[in-house]
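Asker: Here's the letter readout for the chains.
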Amino acid sequence: MILRLLAVLPFIGILLGVPFVNRVEPLILGMPLVLAWIVFWVVMSAVIMAIVYRFDPANRAAAQPAEEARS
Amino acid sequence: MSSALLIIAAITLVALWLGVRARRGHDMSLEQWSVGGRSFGTAFVFLLMAGEIYTTFTFLGGSGFAYGKGAAAYYILSYATLAYILSYWLLPPIWRYAKANRLVSQPHFLSSKYASPALGVLVAIVDVVALVPYLVLQFKGLGIIVTTASYGVISPTAAIWIGAIVVTAYVTISGVRGSAWNSVLKDVMILAIVIFLGVYLPIHFYGGFSSMFHAIDTAKPGFLTFPEKGASVAWFQSTVLLTALGFFMWPHTFGSIYTARNERIFRRNAAVLPLYQLILLFVFFVGFAATLKVPGLKGSNIDLSLFHLSLQAFDPWFVGVIGAAGVLTALVPGSMILNAAATLLANDVYRGAVDRKAADASVAKLARVLVPIIALVAVFFTLRGGETIVALLLMGYSFVTQLFPAVVTSLAARNWVTKQGAFAGIVAGVAVVAYTTLAHASIGQWFPSLPDKVKDLNIGLVALVINIVVLIIVSAVTQPSAAEQSHARTL
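Which chain is which? The protein sequence lines are A and B, in order.
The numbers in the working numbering rise by one with no breaks, and the one at position 67 of the first sequence is 67.
The numbers in the working numbering rise by one with no breaks, and the one at position 465 of the second sequence is 465.
Honestly, the hints are just simulated from the structure, not real lab data.
Note that CB positions come from ideal geometry on N, CA and C, so glycine has one too.
It cannot be assumed that every hint is accurate.
Partner residues are not named here, just some residues of chain A that face chain B (Cβ under 7 Å, in silico) [stated by the list, open to error]:
(1) L6
(2) L9
(3) I12
(4) I14
(5) G17
(6) V21
(7) N22
(8) I28
(9) G30
(10) S45
(11) A46
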């Protein structure tokens, strides 16, 4: 359950973080800093959602029938 | 006929053939035609969900926006990422409810949840209004591609007509299955081409990414970051939030939720889709490469930047390959949108408001008759022109996002929001968007003394706030009595 809170991080990073990195220098991987920052959070979003998926009980094979019963 | 045009024509024929072929083996009931019989696996749902990222909107609009507006384009990379995170929790309950109630459209969902046919009709109308600019931008993209690739032989007007006819033909014939197969072809082509262009062009013209960005930063200081005013950080934040919330509210995207075979598909895709859109980076690189190399495109012509740069860099046959990929990016989403708009008008406006007892067969027939009519309306607006591709999409987003509060609250086990509240909130939000769009008004014009931060807020987000306030007030006033409430819950 705590893991789900991880999913809030990209929102904070992208929506609230951008004002603090609104600069060109230093270039990171050839990209302006602010663009690289957004790219970083896109990648992190995938990582975080993979973790959430991995540990979410709803996705375990055994949990599948229970889940259908719930609907 | 140039070799470029021959290649484009060939790919268009392949797309048509795939669309026609996809129909085989499935009888076309309304459910089959609009949601593929709820039988799509991970891969197809993935492609339908990723659909928007790979439309003309990014291919020409995204590169054009980077070319013309610089940093503002970064928003395109951000909003879908946040939307995909939300999808993990948002889509499974929607899918479960839709499957249990055999829903085929988005207005169905809301009218069923709130037990209000009138709400369904309202949602359908909002949807169609939002879809028109979306369809217009696909046609506009088609026009640009065909005209450029024919080196001016085919006029933009003729090109838009050709595109509209092709889209109409295969939607009428094959419904959503045609879209899914063509999505495969489209995504493979666009992935290869955009990555190639995004790597090749900066190296070819500037010697590398770092030197390209250094050159742009020197020539146009401030272009690569958000400015103090206009497309400022506040604009970025409000636009990303608005479009992230609205992402799944598009009726065709909402409809593609229904096509899934099971709900785990959504949760699995939530981890992969963010990565898939990193391809946008390469689209930006193309646009940035064009800024210094083909300067001078103004207004809605910024959408031409990718092609103008390609004409400088490549032989006609390769321009043809790029054009063919571009045609697919307009054709496939264009067909999905047309399909969605026709189904909405037939199933939700006609059956919802005119003839409640219409049979499935006659609704399906009406939907097919409506396809060419909607296409004609879109052609009309396309030819009137004027807006950039990104501006058109943002306009549509401002409309569909107004549905978000009513959809989300309806997912709660005990929904406090009443049908009157949902209805009034949507009407209020849409009215604000419609007024500001038609009057070209902005917050700054109404309240010139406000700080820039507030003035730059996306008007769609302001409308959303008004929408929520109205929804809360009206719901509070129209709360049913306790007896009615328990009755409603047993239904």
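Asker: Compare the structure with each hint and give your call.
Answerer: Evaluation of the provided hints:
Among the interface hints, the one on A/L6 is violated; its C-beta lies about 10 Å from the nearest C-beta in chain B, farther than the 7 Å criterion. Nearest Cβ of chain B to the Cβ of A/L9: about 10 Å, over the 7 Å cut. The hint is violated. Restraint check, A/I12 versus chain B: the minimum CB separation of about 11 Å is more than 7 Å; hint violated. For A/I14, the interface hint holds, the least distance from its beta-carbon to any beta-carbon of chain B being 5 Å, beneath 7 Å.
Because the smallest distance between the Cβ of A/G17 and any Cβ of chain B comes to about 10 Å, over 7 Å, the interface hint for this residue is violated. The interface hint given for A/V21 is violated, since its Cβ lies 9 Å from the closest Cβ of chain B, which is over the 7 Å cut-off. Restraint check, A/N22 versus chain B: the minimum CB separation of about 5 Å is within 7 Å; hint holds. Because the beta carbon of A/I28 sits about 10 Å from the nearest beta carbon in chain B, more than 7 Å, this interface hint is broken.
A cut of 7 Å between beta carbons decides the hint on A/G30: the least distance to chain B is about 3 Å, and the hint holds. Satisfaction of the interface hint for A/S45 is found here, the shortest Cβ-Cβ separation to chain B being roughly 4 Å, below the 7 Å cut-off. Nearest Cβ of chain B to the Cβ of A/A46: about 4 Å, under the 7 Å cut. The hint holds.
The structure shown violates the earlier hints numbered 1, 2, 3, 5, 6 and 8.
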